[in-house]
Amino acid sequence: MGPICKLNRLSSLSWRQFGAEWAFFDEGSGDTHVVDAVAAATLMCIEAGTFDASALAEQVAVELDLEPSEALSQGVAASVERFTILGLIEPAAS
Amino acid sequence: MRVSDLSAASLAQRLGGGELLFRCGPFTARPTTGIASVVDNFRLLYTDYDLAEGFADFRFEIAPPAGLRRWIRPQVLFSFDGDRPFERFPADQAYPLFEWGFNWCIASTTNRYLIIHAAAVERGGRVLVLPGMPGSGKSTLTAALVSRGWRLFSDEMALVAIEGRDIVPIPRPISLKNESIAVIQSFDPAAVFGHTSHNTAKGSVSHVRVLTADVRRAGEVAQPGWIVFPHYESGAAATLTPRAKPATMLDLASNSFNYRILARLGFEMLCDVVERCDCYDFRYGNLDEAIAIFERLSERG
Amino acid sequence: MNRNALIAGALLRPESLRRLSLGDWENLVGWSRAEQLLPRIAFAAEQLKGLEIPPAVRRHLDSARLAWEGHRRAILWDVNRIATTLAPIETPVVLLKGAAYLVAGLRPAPGRAFSDIDIMVRRETLDAVETALLQTGWQMEELDAYDQHYYRTWMHELPPMQHAFRRTVLDVHHTIAPLTARRAVDAETLFAAAAPVAGGPKLYVLAPVDMLLHAVIHLMQEGEFDKGLRDLFDIDQLLRQFGEEPRFWPALLARSAEHGLDRPLFYAVTQLRRQFETPMPGEFLEEIARRGPPWPAKQLMSAIFHAGISGNSPRLARDFLYIRGHYMRMPLRLLVPHLARKFRHRFDPAEA
Chain H
1 MGPICKLNRL SSLSWRQFGA EWAFFDEGSG DTHVVDAVAA ATLMCIEAGT FDASALAEQV
61 AVELDLEPSE ALSQGVAASV ERFTILGLIE PAAS
Chain L
1001 MRVSDLSAAS LAQRLGGGEL LFRCGPFTAR PTTGIASVVD NFRLLYTDYD LAEGFADFRF
1061 EIAPPAGLRR WIRPQVLFSF DGDRPFERFP ADQAYPLFEW GFNWCIASTT NRYLIIHAAA
1121 VERGGRVLVL PGMPGSGKST LTAALVSRGW RLFSDEMALV AIEGRDIVPI PRPISLKNES
1181 IAVIQSFDPA AVFGHTSHNT AKGSVSHVRV LTADVRRAGE VAQPGWIVFP HYESGAAATL
1241 TPRAKPATML DLASNSFNYR ILARLGFEML CDVVERCDCY DFRYGNLDEA IAIFERLSER
1301 G
Chain S
2001 MNRNALIAGA LLRPESLRRL SLGDWENLVG WSRAEQLLPR IAFAAEQLKG LEIPPAVRRH
2061 LDSARLAWEG HRRAILWDVN RIATTLAPIE TPVVLLKGAA YLVAGLRPAP GRAFSDIDIM
2121 VRRETLDAVE TALLQTGWQM EELDAYDQHY YRTWMHELPP MQHAFRRTVL DVHHTIAPLT
2181 ARRAVDAETL FAAAAPVAGG PKLYVLAPVD MLLHAVIHLM QEGEFDKGLR DLFDIDQLLR
2241 QFGEEPRFWP ALLARSAEHG LDRPLFYAVT QLRRQFETPM PGEFLEEIAR RGPPWPAKQL
2301 MSAIFHAGIS GNSPRLARDF LYIRGHYMRM PLRLLVPHLA RKFRHRFDPA EA
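Protein chains in written order, with this note's numbering: chain H, 1 to 94; chain L, 1001 to 1301; chain S, 2001 to 2352.
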C-alpha cells in the first residue's frame, strides 16, 4: 500500500485541453500549469477522490484507456511527486 | 469637443490647473502639469482626442520637485493622487514620464480587462497581438504596420474584454527608441513625431502621433485573430513559425499584468483567446518584408 | 473636503457614501487608492443596501476588490505552505498582524492591504525553522554582517525571507518587541495565551489583548508613519470586535501593565478617539489617561502623532516620528550609528 494523497484543501482546478496536452489553473495557489495526459489524468483522479499509489495507477489506466504498465505507474508516481512539491497534493489526514 | 478646439493658452491653463479631462479608449484622465515640454507634446500628440465631462478614472501630475532640484540639474516627479511610484527623472524626460506614468496608472489599477503587455493592431476585423518581449522591436513593427493600413489599438497594452473576449482599443502615442526613431521617420515620412528625449534609461525616446481615424474609432472593438511573438534580428529573412497553443497561453499569462488577479476567469479568457488565434513566432530583419508577411496573413483570413 | 476627513468619514460612517457627488467619489477613489484603502471602501460600499454607485466608480471598486481577493488567496496559500513546512518542528506557529486577521476571520481583514507574512516561533527553534524554510523555496536576502547582527541579535526576528517563485516576504519573529528595547515582552506569556486557528497544522493567533497590543506596538514603534491611518484603522476594528466582550477592557489594561506598554497604548487611544471615535468604556478611558505621560509631553507627543498620521504633516513631523520609532527599539548608545546607515539606505536612489 502506497501513501494516501488528496488535493490540497485550498485547491480548486479548472482544466482546458489542447490536443495531447492539458492546461489547468489552480485557484488555491494561483498557479497555471501545462501537463501531459498521464499527469492530467493523475491529478483529475486525485481531484475526484483519495487514492493510494497502486489504486491511483490502476484508475489512471482506466481513464486513459490503456493497459496498466510499469511505465504508466512510473509516470503516475512522478506526477504525484511533482504535484506534491507544488503543494497541490497533500497526504490525506488519517 | 476636442483638444484641438482649445487655444494653446486655454490648454496650458487647463493642464496647469488640472482641469482638462480627456478620453482615451475606455478611460478618462485628468492630468496636471505646468511643464512646457509636456504641455507642448500633449497639444501635438493628443490633438484629436475628445474632451470629457464628469468622472476621471486617473488623476496624475508631472511636476518639478520642491527644493533645489527644481532649479539645479532640474528634475521632474510623477505623482498619482499623491502616490509616487517612480524615482525622479531629469526634466528633459518629462514627456516620456507622462506616458510611462499614464501606462502605470492603467496597468496597476485596471482589472476590468485582462491586460497583456503587447501591441495590438487590427485589419479586416481581426486583431494582431504582438507580445512585448524585450528586444522584439514590437513598437517599431507597430508603427510600421500602422503606416501601412493597420488600425492601432495600442503599442503597449492589449486589453481583453471579459464579455466576448474582444480586444479593446486604447490608442496612445507610439513610443520609439534610439535607431527606431530614424527608421520610422524614413519608413513613414508622414508620421508626426513629438520631441525626442535623450539619455533616458532606454536611450533616446520619441513618440508618434496616432492617426486621426484611429482615435475616432477607439470605440470599435474586435476579435483576436493572431498572436505573433516578434524577434528582430538584423539580416534575418522574415519567417513565421507556428507556435504550440499551451505554451503560448503560458507565455501570455506571464506577460500579463493582472492574470493572477483575474484567476480562473483570466485562465478561461486566455485559453479562449489562444484557441481562437493562429499563434506564431516571427523572426525578421527588414520592415518591408515583415509588413508583407502580415499582409498575407490578413488576406488569408 | 479634507483628504483624510473624506476617507475616514467613509470608513467610519459608510452611510455617508449615499450622499457623495461624482466629484466626491472621484476624490475618494483616487485618495483612498493612494493610501491603499480603496479595497476597504469597496467593502464598505458593498454593505450598503440599495446604494447607487455611478458605473464609472463601480468599475474602480470592483477592480480593487478583485485585487484584494487575489492577495487574500495568496496569503492563505502561503500560510498553508509555511505551516506544512514547519509542522515537524517543535514549535507553535503564531500568525501575526494581517495574516492573523485574515486566517482568523477578524474585522480588520476585509479590504486590508497585506504585505509581508509575519509569524512567531519559539526562539530556540529559529535555526530549525530557518533551515526548513530554506529547503522549501524561501531565500534570505544577502545581508552584510551589520544587518545580520541587527536582525538576529538586536531585533526580534530572522532577516526577512522571500519565496523564490512566489515573491512573498516572510518575517519570522520570536517575540513581539525587540530584546534591546526598553520594553521587552515575555514571549512565553504570548505563547501560553495564543489560540489555535484552522488553516494548517499547529497554527495559532495571539490572544485578543496581545493582538491588540502588538498592533499598538507596531503603529507606535516601527517608525513607519506613512502607513499611519491604515494601521490605526486596524486597531479601531480590533477594538470594535474585541470590545464587545466587557471583560476585554480590564484584561487589556492588565496585560498592558504586565508588558510595560501603557505609554504606547495611551497614545494609540488618543489618536483613535480623535480619528475614528472608537467606542471605549468610561472606566477604561479614565484609567488609561492616568497612565499617560505628564502634561507638556502629552500635548506635544499627541500633536506630533496626530500630524504624522493625518497625512498633512510637514516633513519634520514625519522625520521626528521615524526617529522616535527607532529610539523606542534600541538603547540610545546604539542608535546613532544605525540611524546613519538606515538613512543611507533610505536615500540611496538605487534602492528606491
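None of these hints come from the bench; they were simulated from the model.
Every residue, glycine too, gets a C-beta built ideally from N, C-alpha and C.
Honestly, I wouldn't trust all of these hints.
Distance ranges between label pairs, derived from CB positions [stated by the list, open to error]:
hint	chain 1	residue 1	chain 2	residue 2	range
1	L	A1009	S	L2143	51 to 57 Å
2	S	R2274	L	N1199	46 to 52 Å
3	H	R82	L	R1264	20 to 26 Å
4	S	D2024	L	E1087	28 to 34 Å
5	L	A1190	H	R82	41 to 47 Å
6	L	A1190	H	A78	57 to 63 Å
Hints, one by one, checked against the model:
1. L/A1009 - S/L2143: 51 to 57 Å: Because 56 Å falls inside the window, the suggested range holds.
2. S/R2274 - L/N1199: 46 to 52 Å: For S/R2274 and L/N1199 the Cβ distance comes to about 48 Å; the hint holds.
3. H/R82 - L/R1264: 20 to 26 Å: The hint (20 to 26 Å, Cβ to Cβ) holds, given that H/R82 and L/R1264 are roughly 22 Å apart.
4. S/D2024 - L/E1087: 28 to 34 Å: Roughly 32 Å apart at Cβ, these two residues keep to the hinted range, so it holds.
5. L/A1190 - H/R82: 41 to 47 Å: 55 Å, violated
6. L/A1190 - H/A78: 57 to 63 Å: 59 Å, holds
The earlier numbered hint that this structure contradicts is number 5, and it is the only one.
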